[in-house]
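Asker: Use the sequences and the hints to build the structure in full.
There are 2 protein chains.
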Amino acid sequence: MADRSDRSTPRLGDMPSAEFREAAHRVAERVADYLERVESYPVLPAVQPGDVRAALPGEPPRGAEPFERILSDYASLVEPNITHWQHPGFLAYFPSVASGPGILGEWLSAGLNSNVMLWRNAPASTELEQVVVDWLRQMLGLPAGLDGMLTDTASVSSLLAFVAARHAVPGLDAREEGLAGRPTIGRLRAYASTEAHSSIDKGAIVTGVGCSGLRKIPVDAEFRMRPDELGRAIAEDRAAGWTPFLVVATLGTTSSTAIDPAGAIATICERERLWLHVDAAYAGAAAIVPEMRPLFAGWEHAQSIVFNPHKWMFTPFDASLLLFREAAAFRDAFSLVPEYLRTSVDADVRNYSEYGVQLGRRFRALKLWFEIRYFGVDGIAARIREHCRMAGVLAERIDADPDWERLAPTPFATLCFRHRPAGAAIAEAELDLRNAAILDAVNRTGRFFLSHTRLAGRYALRVSIGNPRATMAHVDGCWEALRDAAKAARP
Amino acid sequence: MADRSDRSTPRLGDMPSAEFREAAHRVAERVADYLERVESYPVLPAVQPGDVRAALPGEPPRGAEPFERILSDYASLVEPNITHWQHPGFLAYFPSVASGPGILGEWLSAGLNSNVMLWRNAPASTELEQVVVDWLRQMLGLPAGLDGMLTDTASVSSLLAFVAARHAVPGLDAREEGLAGRPTIGRLRAYASTEAHSSIDKGAIVTGVGCSGLRKIPVDAEFRMRPDELGRAIAEDRAAGWTPFLVVATLGTTSSTAIDPAGAIATICERERLWLHVDAAYAGAAAIVPEMRPLFAGWEHAQSIVFNPHKWMFTPFDASLLLFREAAAFRDAFSLVPEYLRTSVDADVRNYSEYGVQLGRRFRALKLWFEIRYFGVDGIAARIREHCRMAGVLAERIDADPDWERLAPTPFATLCFRHRPAGAAIAEAELDLRNAAILDAVNRTGRFFLSHTRLAGRYALRVSIGNPRATMAHVDGCWEALRDAAKAARP
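As you go down the protein sequences, you meet chains V and W in turn. For reference, each letter of the first sequence is one residue, going 8 to 498 in our numbering. For reference, each letter of the second sequence is one residue, going 8 to 498 in our numbering.
No lab work stands behind these hints, which were simulated from the structure alone. Hints are supplied without guarantee of correctness; some may be wrong.
Identical copies look the same in the list; a pair holds intra-copy or inter-copy alike.
Claimed, not checked - Result set (DMTMM-like, lysine to aspartate or glutamate): computed pairs, CA atoms no more than 25 Å apart in a straight line:
1. K223 - D235
2. K223 - E307
3. K223 - E361
4. K223 - E184
5. K494 - D353
6. K494 - E435
7. K223 - E236
8. K223 - E279
9. K223 - E46
10. K223 - D339
11. K223 - E183
12. K223 - E29
13. K223 - E346
14. K223 - D208
None of the values given here were measured: they were computed from a predicted structure.
Answerer: In structure tokens form, the structure reads like this:
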């Protein structure tokens, strides 16, 4: 480490070159070590609320500190006290795992700090995004003609779809006049299943459609939107003076990964002239596996589709893919080009900031380019296929054990299930409590982190397999931990 | 590089440990080299639209490729064909420069892949964000009691302020009922100066307020919002049945870095009970310099403030600070906690995803923690002070040269000016063309990248100094290049 004793008077400039180079190698070692020994950490740290905050000074330092000390504080205070999303025992929520090549693409991107707002200020970054977006479209088996962009999150991708769909409503100029500008047009109404993600509700809130402007359509016994109920709701709403404008079909819901019938919903949307937005943020990854693609039949008719490579495609957070049928629908809804952003090549290029909320945009295409090339499309498909296979094995074990039951089908690699001792009549409320106790016990082992949900009112344990470093040994260990916890939870 | 010949059949797992370690060191070298030799690149690459795309395969590779080849393609195809935001000759737009310690913080963050949605799944990351947000508040000289969070961009920070302000409108439940739900309440109206950033217009569009729901207030000769005009507009709108709800004061506008009179505007907002949002995305950095803080007087009365550390505080993109007076106003507007996100500690912790649009959130606090500690608050202030000093020197040269004129005051480190040959009567349209030619000529040198704007209808050259690696030699070189270009542009 370079001598820093000369820094009592602030020196100007950036970190000196030689010091950066040395520090960069130290950080490279640190991250390589972390990935190598991540399983030596408990997935969920033992830290209590306030612990980390209490260990940090309340005031920022006035003087410069040596890099060595900062890195050492990182090692003792931050690394052990995070929840380890990279740990193969992290089976909660949906996977969000950064693969090696993805991490290295992100590092290069941080070094360049390329801000992909306009072609002129990010030529290679813009064109690489165009290429990678089209690669992803092909990987998903979607037809040519679908265009798109990368955003940060599915929350934002779906928000953009809300705004574009709203802008496309005939007779309403929401962009210019807002939603209260034409009292003669009935209130807007969007539709999604009762199992849709909370980001859809947020889209309704943010865009001024309001929660009551989002009608939740009932689901069938397998938690899929019922198209007959959708058709009925639209007809009822039209009769009552609403203006239906948007349907969100979820392919892989957050609770149970249910698959709304995209084909039947698309037919309704076409008949009713409604915008169809497909939320496949998690499950879209499975469309990379050729034999799983039939599960998505019909999504190719959507006006917009969101899929998050940062979920089950091993891409460092953040990276969400928003595909759209008509790029102009997004550009018309969002484009604002003040004088200071005009360039001489605007007519010939894509300026991505015209298609969404954010003007500044990270260079996300680089990590995807690294990762897709490093693993290859077949390699990515093989990993996703393997996760589904492991989930299938666990599903078979649950089904074969009379003391356990699955609470939803397992079309992908996420399982919802519970412990229900055979031959005993136990009240639902008691089952909920016992399964919550099992969850706590498994999570306290430090070897696994599972989450939960509720399905048809029942408390469900939830396991989602999606880490490329996860093997059958992790699945075996988790099943064992669950059965041990269930034994202990017996009254 | 490890032998990859065994990969014709896809191997599962992530990149092997030893290979990752070796590749990480190569990337560390690559980034250190890039930062060391960034000035050997032309700031604006010579690449033409379509060049990069044409050099890339239209289809994604089915098989795995060696990391070495990917890195080599990065070196030949990406690095030379981006616009170099890190180059000290990049004087366009506003600075967005990633410092050494910031880059290394970002690298560690990519390794952890900590998703800061809830405390439970990101304990240290959440608490470090709380600490860093409060450090930043103190650095800006703002009073205790202002709380806040990190977002990706000012576009999103201001959007969140729009939604929270809208939710606070008495008698309107925008969250539940949307904007068309209460026809008895007049249309919402927000106010910003004619010089406000396009993200404010986007906020109006996205939230359903509409462009016509944003009234642009005239500015004075120095491009500052006129409080008298603001007061008059509000009174006029109330009389006409509008519902005023939000005023955006810009401290450091994008074109000329004009400073709206925050104190006078705050007084009006208090009297009229309107939400005051301060957009100091760029200039906020100057409030870290104690003697510059008076320029911001009055902003402490705002309900929300946005400042972007990724602009003039050397932080890798992205990092925007949103400060708010009432955290509850944001939580009430946005919070949605589905069953699968509930945890046992929710009552004791901050769950940041409840305060905005995005559920998934990057771990941005780490790079800020690294950077603030490495430079120290005094060190950051010293760099910003030096940028202002250099801008002051350039302003003096422009003022002293009869052939040049400044078109706006220079309160920070951004200058707007033009060439206007002394003693010649040249039409405004002709001056515009000549200055556009000067801009092109300077940018074609490859040594500098300047941008332009329009001020009171006049084409203005624009120079923004904010790279910690920039020195007086760069400013001298830029001034020389401008004068050379002006000579050549003479008819």
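Asker: Does each hint fit the structure? Answer for all of them.
Answerer: Going down the list of hints, with the structure as the test:
1. K223 - D235: within (13 Å within a copy, 48 Å between copies)
2. K223 - E307: Cα proximity of K223 and E307: one copy only (23 Å, versus 42 Å across).
3. K223 - E361: Close across copies (21 Å), not inside one copy (31 Å); limit 25 Å.
4. K223 - E184: between (27 Å within a copy, 15 Å between copies)
5. K494 - D353: Cα proximity of K494 and D353: none, with 66 Å in one copy and 29 Å across.
6. K494 - E435: within (18 Å within a copy, 86 Å between copies)
7. K223 - E236: within (10 Å within a copy, 45 Å between copies)
8. K223 - E279: The answer is within: 18 Å in one copy meets 25 Å, while 39 Å across copies does not.
9. K223 - E46: Intra 41 Å, inter 56 Å, cutoff 25 Å: neither.
10. K223 - D339: between (28 Å within a copy, 21 Å between copies)
11. K223 - E183: This pair counts as between: shortest inter-copy Cα distance 14 Å, intra-copy 29 Å.
12. K223 - E29: neither (56 Å within a copy, 51 Å between copies)
13. K223 - E346: Between. Shortest inter-copy distance 17 Å satisfies the 25 Å Cα cut-off; intra-copy 43 Å does not.
14. K223 - D208: within (10 Å within a copy, 31 Å between copies)
Violated hints, in rising order: 5, 9 and 12; the structure is consistent with all others.
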